[in-house]
Amino acid sequence: MQIDERRERGVVVVAPAGRIDSTTSAALDAHLQGLGKAGDHRVVVDFSGVDYISSAGLRVMLALAKRTKEVRGALALAGLGDSVRQVFQLAGFLPLFTIEATREAAIGRVAAA
Amino acid sequence: MGEALSVTVPGSLDGLAEAVRAADAFSRKAGVPDEVRRKLLTALDEILANVVHHGLAGSSGTIEVTLRRDGPGVVLGVSDPAGPFNPLLAPLPDTSAPLEGRRLGGLGIALVRALSDEVAYERKDGRNHLTLTWRLGS
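In order, the protein sequences belong to chains R and A.
If you're matching positions, the first sequence starts at 1 in our numbering and goes up one per residue.
If you're matching positions, the second sequence starts at 1001 in our numbering and goes up one per residue.
Treat the hints loosely; a few may be bogus.
Take a look, some chain A residues computed to stay more than 12 Å from chain R by CB distance [said to hold, decoys possible]:
no., residue
1, Ala1004
2, Val1007
3, Asn1050
4, Glu1064
5, Ser1079
6, Pro1091
7, Val1119
8, Thr1133
What the simulated footprint calls covered on chain R by chain A, stretch by stretch (three residues with Cβ under 8 Å from a Cβ of chain A suffice, anywhere in the stretch; the number is not a length) [said to hold, decoys possible]:
no., segment
9, 2–16
10, 36–45
11, 58–66
Treat the hints as calculated values from the structure; they're not laboratory data.
Please read all numbers here as calculations on a predicted model, not as lab measurements.
Cβ coordinates follow ideal geometry from the N, Cα and C atoms, glycine included.
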C-alpha cells in the first residue's frame, strides 16, 4: 500500500492509496502507530485516494481514534468517497470522527483544536 | 456470456490477496460499475478474512472464488472447507456504543449482509457455500 505523508500548519496529513483491507491495513496501522510514537498526535487522514475500506481498515481507524483521545490529540478525516462513507455509516462510525469534505477543511479543524 | 472468473487459492492471507486481486481485475474487465465493484470486493475481503482467521484458523484448505456477470446482475460465490458457519445466523454488533466501548466483532459479517442485494448460504459436501448477488441498475 502506498501512503503519502505531508505536514502542514503543525498537522500530519496521511493519505493512503488503493484498498484498505485485511492485507493492506497492517501497513497503515504501522504507519499511524509510528506517528504516535514520534509524538505526532495532530493528524488528518485523507481518504481521497482510497478505493474502498473493509472492517480491517475500520479497526485501524478506531484504534487511531482511541489513541488520539487518550493523549488529547486531534484527528480529522477528509475526502471520504461514497463507498468509504457508506462503510463508515453502516458500522456506526460517522459519529465517532470529525469528518470534512476536503483536506484543507480537515487541517483547519485539527489546527484549531 | 463467457464472462466468468473461477480461482482456487490457499486459505491464507496470501491466498486472500490473490483472490481479491483477481476479482478486482475481472470486475474492471467485465465493466462492473465501480460502486458494485467496491461493494463486492469489500464483501469478499470480509468473507475470506473470516474464513482464514476463524474458520480455518491456521489449518490448511483451499478456498474457491467464482464471479460472473449474470444477465442483470453480478454473482459472487465463495466456498471453503472450514466447519459449518452460516453468516446469515451470526449476531450483529452494536454499532451505537461510544468510542471507548466499541467492539468490532461481527462487523465484517454485518457489512457483507448490508453491502449485497442477496446472500444465500448452503452447506454441501463438507464445505460452506456463500452466494452473493448484486443487481445492476435497472
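Structure-based check of each hint:
No Cβ of chain R approaches the Cβ of A/Ala1004 within 12 Å, the least distance being about 23 Å, so the stated non-interface status holds. For A/Val1007, the shortest C-beta to C-beta distance to chain R comes to about 15 Å, beyond the 12 Å cut-off, and the non-interface label holds. Distance check for A/Asn1050 against chain R: the nearest CB is about 10 Å away, which does not clear 12 Å, and the non-interface claim fails. Residue placement check: A/Glu1064 keeps its beta carbon more than 12 Å from all beta carbons of chain R (closest about 18 Å).
At the 12 Å boundary, the C-beta of A/Ser1079 stays outside the reach of chain R, the nearest C-beta of that chain being 19 Å off. No Cβ of chain R approaches the Cβ of A/Pro1091 within 12 Å, the least distance being about 15 Å, so the stated non-interface status holds. No beta-carbon of chain R is positioned within 12 Å of the beta-carbon of A/Val1119; the least distance is around 15 Å. A cut-off of 12 Å between C-beta atoms confirms that A/Thr1133 is not in contact with chain R; the least separation is 18 Å.
Residue count for the segment 2–16 of chain R with a Cβ under 8 Å from a Cβ of chain A: 0. That is fewer than the three needed, and the coverage hint is violated. Residues of the segment 36–45 of chain R lying with their CB closer than 8 Å to a CB of chain A number 0, which falls below the three-residue condition for coverage. With 5 residues having a beta carbon nearer than 8 Å to a beta carbon of chain A, the segment 58–66 of chain R meets the requirement of three or more and the stated coverage holds.
Checked against the numbered hints given earlier, this structure breaks hints 3, 9 and 10; the rest are met.
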